[in-house]
Amino acid sequence: MTALLEAKGLRKSYRGKVVLDGLDLVVAEHDVVCLIGASGSGKSTLLRCLNLLETIEDGIITFDGREISDPLVDPRSVRREIGMVFQAYNLFPHLSVLDNCTLAQVRVHGVAKDEAADRARQLLARFGLADKADAHPDALSGGQQQRVALVRAMCTRPRLLLLDEITAALDPELVGEVLEIVRAEAEAGTTLVLATHEMSFAREVATKVCFLDGGRVLEQGPPEQLFGDPVEERTRAFLARVRS
Amino acid sequence: MTQSEVSWVPSERELERQAVRRRLRLQQTVIATVVTVVVAVGLALLIVSSPGWDRVRDYFLSWSHARDSFAAIAEGFWINIRIFLVAEPCVLVLGALVAIARQTTSPWLAPVRLLATGYTDLFRGVPSIMVVVICGIGIPALGLSGVTSSLFWLTTFALVLCYGAYVAEVFRAGILAIHPTQVASAEALALTRAQTMRFVVLPQAVRRVVPPLMNDLVSLQKDTALISAVGVFEALRAAQDYQGYNFNGTPLLVAAAYFLVVAVPLTRLTDWLMRRQIEKEQGR
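Keeping their order, the protein sequence lines are chains A and G.
Under full-length UniProt numbering, read the first sequence as residues 1 to 244, first letter to last.
Under full-length UniProt numbering, read the second sequence as residues 1 to 284, first letter to last.
There could be a bad hint or two in this list.
What the hints assert, rightly or not - If you want a taste of the chain A side facing chain G, the calculated C-beta under 8 angstroms gives, among others:
#1 6
#2 9
#3 66
#4 70
#5 71
#6 72
#7 73
As the list claims (entries may be wrong) - Computed far set for chain A versus chain G, every beta-carbon distance over 12 angstroms:
#8 8
#9 21
#10 38
#11 59
#12 93
#13 99
#14 109
#15 131
#16 135
#17 185
#18 205
#19 234
Claimed, not checked - Heads up, incomplete: computed chain A residues facing chain G, CB under 8 angstroms, no partners named:
#20 11
#21 60
#22 64
Because the hints were derived from the structure by calculation, they are not lab data.
Quantities reported herein were computed from a predicted structural model and do not represent experimental measurements.
Beta carbons are placed, not taken as given, at the ideal position from N, Cα and C, and that holds for glycine.
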C-alpha cells in the first residue's frame with residue numbers, strides 16, 4: 001500500500017521553542033491515525049503543518065506523491081483535497097448551517113448550488129441535523145456545532161480529513177454523538193488523522209496510534225500493541241496518567 | 001530543547017526552499033516596484049500632457065507664491081491645530097458617553113437615552129458648516145452673560161457637537177459587535193452592568209473601531225477649516241486671502257500640504273499601534 005501522506009523530518013518552532021523536532025509520519029490510504037500525547041506535544045501543530053496552515057522550517061511533506069512543502073505549490077490546491085475540523089468548531093457565525101456547508105463546495109469546487117445543498121442536507125440528515133439546516137451556528141449546542149463542522153469538512157469529499165481534538169470542548173454526553181460520525185467515516189474508508197484525548201475511542205477506531213513526545217513520534221503501532229504493551233517508558237507513564 | 005536547537009542544521013532541501021522563497025519575494029518586490037512606477041509615471045504624463053496644463057501650473061504651482069504665502073498659512077494652521085487638539089479628546093469622551101448612554105437599560109435613565117438618541121439624530125443629520133455658523137454667530141447674539149464670545153471656543157464647541165454624534169455611532173457599533181458570550185461571562189463573574197461595560201465590553205469595542213474612529217478624527221482635522229465660515233483666519237482662510245489679493249491659487253495647495261503633513265503620519269501611527277496590539281494578543 002502506498003502512502004497517501006508522508007512527513008519526514010518535520011521541524012517547527014515558535015519563538016525559539018521547538019515544537020516539532022524531526023518528526024516522521026506515514027499515513028496510508030484508508031488509515032485512521034490517532035495522535036496522542038500530552039498537551040503541548042505538538043499534535044495540533046502537526047495537523048496545521050500538514051495542510052500548510054503553518055510553514056514548516058525543515059523536512060518534507062508529500063501528499064499523493066507530490067511534495068507539498070515546496071514553496072511553489074499553491075496551498076489551496078492542497079487544501080482542496082484535505083479537510084480540517086478544529087477544536088473550537090470555527091463555524092462562520094454569519095452563515096446558516098446550510099451555507100456553512102455549501103460555501104466551499106460552490107466557491108472552491110464549482111459545484112452547482114442545488115447540488116451542493118443536496119449533498120449538505122443529505123449529510124446533515126445522516127447525522128441527525130436535518131432540522132438545523134437553516135439555523136445559525138450560535139443557536140446550536142456544542143455537539144451540534146461540532147457535527148456541523150464535520151459535515152462542512154466532509155461535504156467536499158476530501159481525500160484526507162484532519163481532526164484536531166474535536167471533542168475536547170464538549171461535555172461527555174455530547175462526545176458520543178460526534179465520535180459516532182467519526183466512527184462511521186472511518187468505517188466508510190475515509191483516511192483520517194486525528195489528535196485526540198479519547199483513548200478508548202482511539203483504541204477502537206485507530207489502525208495506527210502515534211504517541212508524540214518532545215516533538216517526535218516516540219512510539220507508534222496498532223492500538224492493541226501501543227495500549228497493551230508499550231515499549232517506551234514515557235509512553236507507559238503517559239498512558240498510566242491518562243487512565244488514572 | 002536547547003540541545004536540539006544547537007544541533008539542528010537545515011537540510012539541503014530546506015536551504016533550497018529558502019532560496020526559492022527568497023527568489024519569490026524578490027520577484028514580488030520587482031513586480032510591485034515596476035507596477036507602481038508605471039502607474040505613477042502614466043498618471044503624471046496624463047496630467048502634464050493635458051491641454052490646459054500650462055495654465056494650471058502657473059496658477060497652482062508657483063514656487064514664489066508658495067514661498068510668500070507659507071508663513072501666513074502656517075500662522076493660520078496653528079489655529080487649526082489648536083482647535084483639533086482641544087476638540088479631539090472632547091469628541092472622544094462625548095462620543096463614548098453618548099454611546100454608553102444609549103446602551104443603558106435602567107428605567108431611571110430613560111430621559112438620558114432619549115436625549116442621547118435625539119442628539120445623534122440631530123447632529124448627524126445637519127451639515128457641520130450650519131452648526132458652526134449657528135454657534136459662531138447665534139450664541140454671542142443671545143447676549144448671555146458669562147458665555148464666551150471667543151470664536152475659537154464657539155467654533156470648537158460646534159465641531160465637538162457635530163463629531164461627537166458621529167463618533168458616538170462608531171462606538172455604539174463597536175459595542176454591539178461584541179459577542180454576547182463576553183457579556184455573559186462578565187455577568188457570571190457577578191460584575192455589574194456598568195463594570196461589564198467598563199472593563200470587558202468597551203475595551204474590546206474600542207479596539208475594533210479604531211480604523212473608523214481614525215476616519216472621523218482625520219475628517220475632524222480637515223473640517224477645522226469650516227470655521228473660516230465665521231471669519232476665523234485659519235489656514236484655508238489665509239490661503240484664500242492670499243489667493244484673492246495675488247490672483248494665484250498656489251497657497252491652496254500649500255494649505256492642503258499642511259493638512260496632509262498632520263493626517264498621514266497620524267494614520268500610519270494608528271496602523272502601527274493596531275498591528276502591534278494584534279500581534280500581542282495573538283501571541284505571534
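Going down the list of hints, with the structure as the test:
Below 8 angstroms, beta-carbon pairs count as interface contacts, and residue 6 (chain A) has none with chain G, the closest being about 14 angstroms; its hint is therefore violated. Here the hint on residue 9 (chain A) is kept, as its CB sits about 7 angstroms from the closest CB of chain G, short of 8 angstroms. About 14 angstroms separates the beta-carbon of residue 66 (chain A) from the nearest beta-carbon of chain G, more than 8 angstroms, and the hint is not met. This hint holds: residue 70 (chain A) has a C-beta 7 angstroms from the nearest C-beta of chain G, less than the 8 angstroms allowed.
Contact between residue 71 (chain A) and chain G, as hinted, is supported at the beta carbon level, the nearest pair being about 5 angstroms apart and thus within 8 angstroms. A hinted interface residue such as residue 72 (chain A) counts as satisfied when its beta carbon comes closer than 8 angstroms to some beta carbon of chain G; here the least separation is about 6 angstroms, so the hint holds. Interface restraint check for residue 73 (chain A): the shortest CB-CB distance to chain G comes to about 11 angstroms, outside 8 angstroms, so the restraint is violated. Chain G draws residue 8 (chain A) into its interface by the beta-carbon criterion, the shortest separation being 9 angstroms against a cut-off of 12 angstroms.
For residue 21 (chain A), the requirement that its beta carbon stay farther than 12 angstroms from each beta carbon of chain G is not met, with the minimum near 5 angstroms. Interface exclusion of residue 38 (chain A) from chain G stands, the closest Cβ pair being 15 angstroms apart, more than 12 angstroms. The non-interface label for residue 59 (chain A) is inconsistent with chain G: the shortest C-beta to C-beta separation is roughly 7 angstroms, within 12 angstroms. Against chain G, the non-interface label of residue 93 (chain A) is violated: not every CB pair exceeds 12 angstroms, the least being about 8 angstroms.
Non-interface status of residue 99 (chain A) relative to chain G is upheld: no Cβ of that chain comes within 12 angstroms, the nearest being about 19 angstroms off. At roughly 27 angstroms from the closest C-beta of chain G, the C-beta of residue 109 (chain A) stays outside 12 angstroms, upholding its exclusion from the interface. Every C-beta of chain G lies more than 12 angstroms from that of residue 131 (chain A), the closest at about 24 angstroms, which supports listing it as non-interface. Interface exclusion of residue 135 (chain A) from chain G stands, the closest Cβ pair being 16 angstroms apart, more than 12 angstroms.
Even its closest Cβ contact with chain G, about 30 angstroms, leaves residue 185 (chain A) beyond 12 angstroms, as expected for a residue assigned away from the interface. At the 12 angstroms boundary, the C-beta of residue 205 (chain A) stays outside the reach of chain G, the nearest C-beta of that chain being 32 angstroms off. Every CB of chain G lies more than 12 angstroms from the CB of residue 234 (chain A), the least distance being 16 angstroms, so the non-interface label holds. Checking residue 11 (chain A) against chain G: minimum C-beta separation of about 7 angstroms stays under 8 angstroms; hint holds.
Interface hint at residue 60 (chain A): satisfied, since its Cβ lies 6 angstroms from the closest Cβ of chain G, which is below the 8 angstroms cut-off. Against a cut-off of 8 angstroms between C-beta atoms, the interface hint on residue 64 (chain A) is violated, since the closest Cβ of chain G lies about 19 angstroms away.
Of the numbered hints stated above, those contradicted by the structure are hints 1, 3, 7, 8, 9, 11, 12 and 22, listed in ascending order.
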